Every structure is written in C-alpha cells, then in structure tokens.
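Listed below are the residues making up each chain.
Protein chains: 2
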Amino acid sequence: MMKFGGWGDPGKAYDLSHRPNLWPFVRAQSGLGDQIIAPSRRAAEMTVPAPRLDAGFMDAVTAALGAAHVSTATEARLLHTYGKSYRDLLRARTGTPARSPDAVLFPANRSEVEAILRAAVQYGVQVVPFGGGTNICGGVEPDPTRPGMCVTVSLRRMKRVLVLDRVARTARIEAGALGPELEAELNARGFSLGHFPDSFEFSTLGGWLATRSAGMQSDAYGKIEDMVVSLTLCTPGGTLVTSNVPRSATGPDLSQIAVGSEGTLGLITEAVMRVHPLGEREYRGILVPGFDQGINLVRELTHRGALPTTTRLSNQQETALGFAMKPKSHGAGAFAAKAFKAYLRHVKRFPFDNACLMIVGFEAATHRELAEKRRRTLAICREFGAVNLGTSVGASWFAGKYDYPYLRDVVMDRGGMVDVVETAATWDVLPGLYHELKAALHAHLRRGEFPGYVGCHLSHSYPAGACLYFTFAALAEVGRQLPQYIEAKKLIFELLLKHGATLTHHHAVGYELLPWMSRHLGETGLQMLRGLKHSVDPQNLCNPGKLIPGLTPAQDLYFPPAT
Amino acid sequence: MMKFGGWGDPGKAYDLSHRPNLWPFVRAQSGLGDQIIAPSRRAAEMTVPAPRLDAGFMDAVTAALGAAHVSTATEARLLHTYGKSYRDLLRARTGTPARSPDAVLFPANRSEVEAILRAAVQYGVQVVPFGGGTNICGGVEPDPTRPGMCVTVSLRRMKRVLVLDRVARTARIEAGALGPELEAELNARGFSLGHFPDSFEFSTLGGWLATRSAGMQSDAYGKIEDMVVSLTLCTPGGTLVTSNVPRSATGPDLSQIAVGSEGTLGLITEAVMRVHPLGEREYRGILVPGFDQGINLVRELTHRGALPTTTRLSNQQETALGFAMKPKSHGAGAFAAKAFKAYLRHVKRFPFDNACLMIVGFEAATHRELAEKRRRTLAICREFGAVNLGTSVGASWFAGKYDYPYLRDVVMDRGGMVDVVETAATWDVLPGLYHELKAALHAHLRRGEFPGYVGCHLSHSYPAGACLYFTFAALAEVGRQLPQYIEAKKLIFELLLKHGATLTHHHAVGYELLPWMSRHLGETGLQMLRGLKHSVDPQNLCNPGKLIPGLTPAQDLYFPPAT
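Read top to bottom, the protein sequences are chains C and B. Just so you know, we're using my numbering here: the first sequence kicks off at 1 and counts up by one. Just so you know, we're using my numbering here: the second sequence kicks off at 1 and counts up by one.
Check each hint, because a few of them may be wrong.
[Stated by the list, open to error] In silico DSSO-like pairs for lysine-lysine, Cα to Cα no more than 30 Å straight-line:
1) Lys326(B) to Lys341(B)
2) Lys498(B) to Lys159(C)
3) Lys498(B) to Lys438(B)
4) Lys338(C) to Lys328(C)
5) Lys498(C) to Lys159(B)
6) Lys401(C) to Lys341(C)
Hints listed in this document are in silico derivations from the structure and should not be mistaken for laboratory results. As the structure is a prediction and not an experimental result, all values here were calculated from the model.
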C-alpha cells in the first residue's frame, strides 16, 4: 500500500538536497517557503467510527473468502478510504474524516467476487472496487450518503498473467495486477503490455480499465481502451464476458461500456489485452521554438504517420521546471551544454525565450526499424525549426518519469496547493484552449508578485486531436484550501465545456466531475448511463455516487450548492 | 433506389457474355444450368395491403415535413420493405409478402427527425430507419408482430458534407449521404473518408454506423467505428450528441453505444468522421502458396507493422472463381501470362494446386511513401514464398470490386442458392475455424458429383486477429429454399460459437442472428442492451425485433421453433 497521506512508496521521498535550482524556482512562482508546515497525519494517528457490520453479509463473505481475507482492522479501513487527489491528501493532512469502508475484502478469483456481489444484493451492502488506490477524482471513496454497510473490494490478490497467446499477441491478465507485476511476468516471456501511466508503479490493470487510463507510450499502443480485446465484468445482475475477437458487429461494443464504468456497473476481474514483443527503445529531448509551433509539429507528425511511441511537448513553464529539477552538473558535461546553448543562440538564432522541451520516445522490434522511425520524426522536427538535444535529456526524463507525484507531497508539506487537470480536444481547438486556460489559471493563482505555476504538456496524440495536461500550483489559502481548490476546478471545467473539450482524457469522473457531467454528456447520454446502471445494479450498490450524477445526494456534499 | 428483387442499379446486370469460363466453373461446382428459371418479380407486379394510417400521426408528420415528403404510395412502400439478403430476394422472386411500412417519410434535417420521433411516441408508431437498403440481415424490415402503424424513415434527403475541418482532419457529414455522394464532395476538396464496403455505391454513412460496417481499406483506416469522432443520435427519449473529441474518460463510450445500435435506439442523423488527404494508390496481385501460409503471412504483416491499406487473401475456390471471371485474353498478354506461369511451375516449383490470390492495396500521401510501404510488404511476402503478380491483376480486381453482388442475381435467376457469412476471430483460432467451417459447408451443400461452392477470403486484419468472409452457393432446393438456407445458417453460427468467433464482423445482427445472440453476448450482455433500449425507447418503437432478442415475438416467425 502507498503512504496514507501522500504518494507512493512509504520509504521514498522526493529528494531536494541535490537539486539546488528547484526550490528557488518554486518560490519565484508561488512564494512558497521551504519549511514543512502542513505534514500529513499518519494512518495510525487517525480514528474511524466503529464499522457498521451486517452479520448476514459478514457470514456470507467470510464463508466464501475465508476469515483471513475479510478485514475490519482500522488501518485497512483507513488505507482504503481515500484516493490520491489534492482533496484526499488535504483531508489526510488535516485529519478530516471521510466515510471509511466498514470492511475490506480480498477475493482470490472471479467466483469469490461473484459471491461478494450476491451477498451485497441480498443484504443491500455498498460495494466499492479498489485497485491500487491512485485515483484522483474520488473514485474509490465510499458514498457517505448511502445508509447501511459499505465494503471495499480490493483485487490485490488477483494479479496473475493467466495466458500469454504468442500467435494472437494477447495476454489474459487478472485485474488486480499492478503495473510492475504484470510487466515482470510479460517481460520474462519477451512481451510487454506497453501501458505506463504516471501511476504505473501503484495502479492496476482493473483500475486502468475502469478509468480509461492512458500510458506514456499511447502514441504507439493506444489508450487502455484501445488495448483491450475482451474482459470479464462481474455485476450484481450477473457476469459479462465479452467476446474475445478483434472486432465485431453484434451491436454496441460491450467492452467499451465496461471500460470507463468506474465500478458503477460492477468489478472488472480480468481482461484479454494486446501485448507486443520487447524490442529496442530510445528517448530523446527536442528543443522546440514555442508551444504553438510544437502543437503544429506534433499534429504534422500524427498526420504524416511519423508519430513516435511517446511524444510529450512541455510548455515554457514546465520546461523551466524540468531544467530546475536537474541535479547540478559539473565539468565537461556542463561545459558542453553551455557551448551547445551558445551555438544555438548565436549561430542558429534559436529563440530560447519561448523554447519548449519535447521528449520523444521510439520503440521498435529491431534497431534498424527504430533508426528508420527516428529518421522520419527528426526530419519533420527540423522542418519546424526544432533542435535535437540527443539521448541524455531523454534518458534523464525516462529515469525520473514516475517521480513527479512525489514532488506534490513536498509542495503540500510546505503549504502549497498543487493539482492537475487534463483534457482532450480536436487540433483546431487546442491552441485557443491552451492560451485561455493558462491565462485564466494565472489570474486565479496570482498573489502579488507571484504568478502561480501553470505547467502544461501536450501528449497522447491522435489524428483528430490530442490531450493537454496542466499542472498548477500556488500558495494554499490557509483556512480555505478546499474552496480555493473548488474554485479552480470550476474555472477549469467551465472553460473546457466552452471550448468543446472533454472533462477528462484519462483520469475519469469519480465524484469530482459530477457537477459538469450533465452538460458534457447531455440529458440523453445520462439517461443511457442510468439505464445501463439500472439493468445490472438496480439497487445502486456498486460504487454509488460516482460517474453518473443524480443517483445519490453525494454530489451536493462535495460541491455544496452555495459555493 | 436499387432494383426491387435484386442488387444495385436497375439498369445494370452482370454480363456473362464475354466471360466464357465463368458458367462452366459455376456448373462444375453446383450443377446449375444456365437458363433463367426463377426471375424476380418487379415491384409493379406486387400488391401490398392498404396502409394502416394513424390520422393524428399523419397530421403531425405532414405538418413537420410537408406533404411532399410523406409517401403512402405502393411503390415507395414496397421498395422500403426488404433489404438485400438471400431471404429478401427469395421473397421478392416468389412474390411472398412481408410487412411493408404504412408510410415512408423523408425528413430534411435533425429537427424533422425529432418531430417524427415525438409523433411516434405520442401515437405509438413503429419507426424503421432506412439508409440505402443494402442490409442483408433483415435490419430494415418492419416488425410484422407489432400492431399499429409502421413508418420507414429514409434519410436520403440528408446527404450533405456540412463541415470539412482541414486542421483536425474531420468532416461533419449527414447520415443519409451515399458513399459516392460523400466521396465526391470530399474528393473535390482533396480528402476521402476511405470507407469502401462492397455496398459502397448504394449504402449510406448512417447505415454504415448503425451496422458497424467495414470497408476494403480498413487495414489502414479502420472500421467505421474506428473512424467516427462523434455523432448525433435522435432517440424517442431525446437527442444524444457525443463529444467531438479524439478520446475521453468520461464514462462508457457513448459513440460506441450508438454505433452498432441498428436503429433500435433511434436514428443517427450526422457524424463527425476522420478523413484523410487523397494521395497515391496502387493495387497488386500476390500469389500465395496456400491459404494457411497466407494467414500466417498476413499475421506477420500485421505484427511487423507492414500491413498494406487493403489485404484480401482468397482461398483456392475464390481464386479459381476470380480467374474464371476474367474475360478471355488474347495475343501477347495471354502468351506472357502462360510463360510466367510455366516459369513459376518449372523453375520456381511454385505449388499451383493450392495457390491463393492475395490482393494488396497501398495508399500513401506521396509516391515515395507508397514505394517504401510496398517494399516492406513485398519483402515479407517473399519470405513466405509468395510471388508478386504485378499491378494488372490488382487493377482488374479494383475495377470490378463492386460487381460481386450483381453475380448473385445471375445465380439466383438460374435457380441457385447463394449467401455470405463473415466473422472475426483471433489469429490462433482462424485456421481451424476456416477448415472446419469449409468442410461443414461442403458436406451440407454437396449434391452427388457437385461439391457446392465455398469461397472464402481473409480481409480486415488487426493485431489480434482478422475477418473471414465466406461465400457459398449450390443448387436451391425447389420448394424448400428457405429451410435449406436456415439450415446452412444454423450450421454456420453453431460453428462460430464453438470456436469463440463473432457472429458477424461487419454485417450486423438484424433479426437474422437473433437465435444465437443470447449465447454470443450472454444473459448479462443482453440485459445491458435491454437496459439501454429501455432508457431511451421504453415503448420499443425504434426498429423493434432487431438486434436484441426477446423484445417482440418476431424471431419465432422467422425461425419457427420446429425447424
């Protein structure tokens, strides 16, 4: 399990000591001091109300799973209370309680999951699925407005790769497998799933599917919904096993209904996923003359079929943060970097003021194929005045790619507010949306001389458009951290709706996006989701209060109508 | 409109006169004579019962659409009675009636469609959407078991390309546009949708979306569900407009629910589709040593990222049919072909007995890119012992690619039974499925010395698998044509279920596949479809008796429990 009130490995923290430029950069943006003023509570310091246990339900699940896999321990309940959103961490830091599950269940297989659901139906028990707990939209938090018992079902015991089919290039994998677990098993047999989201180390296949996750290599392998061939979804109304075929015309795509259902229809217990053989890999840094030019460049790469495996274009602020995070370099390396920069500035007249770093990653079966892909991509980069910085920048980004979430804890410890938002839109919409959202966030975050930090990168590109991923930070307003956060959310989602962008490209809805869902999907779309829900879960037992507005009053609790 | 009792342009027929080898080939397979013994009735010879008109409904739709766009004429009603399945054509030939719509409506825009649906809800009128009428699974036939009035809604007046977005490379197109109509508009602006199903000349965008259609270039551009960015679906419960974004994580994919809904949720009125610029094009014939080797070859092309834009591998029988269809060649061309064949046989020891023709098509923005794609594909073909026959075979296939359905009429005119079935499965399943289904069909079709014709091609390939498309023909059993056809269908679908293949890759369900749907999707999957249906069409007005079994008794009418 991850830290209770922060990100990741309890034994690991983001190390500031050898990054002399980082805190001065953060301070200049936000005015944030470097003293720890808002540490997280530990789970052991927290109390939870006594569990509301339904004896009939407990007997049934204990009989099905064995007593060792049914926990009512305070620590287990606390560790399955929150996800990892800013709101979640704020509450963990301040000791603000939320509705903890009354018990945590650890089934070993599909039939145990089905037994849990049967008992839930019989005794009217709320069921919240739990993978790795990395969700940042409230997706794993019990609905506090629903009376009666609540259990969280952790799939962490279901983590095997059941079948690897080398001919079809698919793997049948249990939904509770963490990223590193399933990659280790696949890698040992020469394959990879190719799905590496920021949360990779702590999130599970089932969580990725339930939330429509995207990994860093999505430009080549797609989002998780593009990788899934078939899946098993256990619902209170029975178990759905979708056809294990590459495409079908037998009605609406049921796999694409289960994917993104966020536990509201039931629990995904396993899936058949496309896998690909391990091969060569290379990451590079590219310096692009500006963010708008970069958007055009990535669009061109997409349309000319020259998109790398990974393409991540940072705006100026995120580029500056990236350079500020670098350990101090010395000697020949530092000298060479300086000389190269001087050459670009004076000889090539490269416009450093707007320069943006773009990370490109190439994967291919053979070195020759990789070289061919690299050649095509770099040729188009040159057409756009972009400069190849070589593989050391790429390797350094690759090595630290899972560290960003740890940095959030450092900032929050010191009294900072930091959050992310991501969206997708068509190419014609992206530049205007970017500039307007960045300006609006700065206007919201600015405090005197401190403009606030608004980093952004474009990643996950498609022929019709791409994803924009914003990270924003400022000094938290003591005493009104939550209103400050909700105000930022409102500002952001109103702008996304105005531009016709989606509310989320890969983080899901949970309860955090509920207030905007009816305008985003429309009343008919919501009716269809409610019809689906009702068809398999008429008692609204499965993850109530998430995804679909209007089924419980939970939304009003999190977004009081007054604010 | 197409012919009443046959395929395509009423002024066009398949010309046997310059194809001296074709009928001997057909006769050798089936024993079929060359005299016309079972011609189709013409619509003018048929009668239909007087329409059951609901006065309130007629007033409402006449007010909304104008009297000129509301037809109760016998011919219009007859021409919107059937699709183009073997069963449909049989009934047209024998003058067997079916339930004709009581009126045919021709709305001009979304708000007129919405007005029709409002009136349908008010007066309880059955609504059947109609695009081009090429459907071969009973998808456009009114449900004869539903009492009360039935209207067919033809979208043929809604055929404009509304917006072409060159930046996002998308086009907003009205659903009633026929293939040639929308391609003409897009081509004039330098773009193409890239969707060319066999029915292209007579089918519409809305029909493609409602049935999950696949075009011949799907290896590059995907099936229709891969091309759609967003769409508008008018339902009795309101209109759904899905987000115009490349990807989203806001719950289940509502576009992928509308796609494949076969009119049961309402009418798709327009969609935003990915388009791509026109470029270079080249088709080639490849001779492959055998069908199983060909499957391995196509799989390898897919896995090594060298799949052409079109890949269509015919089995031996379909290859033989293709050569039998060729006009007689003379002079230097015929001599060169003979010499080449002799060279392959004697020098290269090519195994002609099992030879299979594979058509490969390449499309690319520039000639250089096309050459590079061709080089990669042909290199892998050579590894598998396949021989490049050059572009004339490809060009000849390309020129005649829409003629196959016309050949069916010729065969049926002469007392033949001919039908198609297509499926998709993972690569590991395909060879066994192919051999077992082919053998079973031959066992079913054989009559004495005549083995029956079982052609098959593999097309539409994906990393996990591909589509198999069978065409089978034999002498029709006079007096029991329909039982003979239903027996073949039963045999086929039982085998598809046994192998875990899908019941259809791109022809949809209609009522033809209903008896197998509950085993294919499972009871929970059907429950979800029924829940969706109920959420927007609780009165079951929209295309009742299609896709979802158990909502009307129509299924028992078409597949009497006794047979």
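Review point. Any hints this thing doesn't respect? Which numbers, in order?
Key: none
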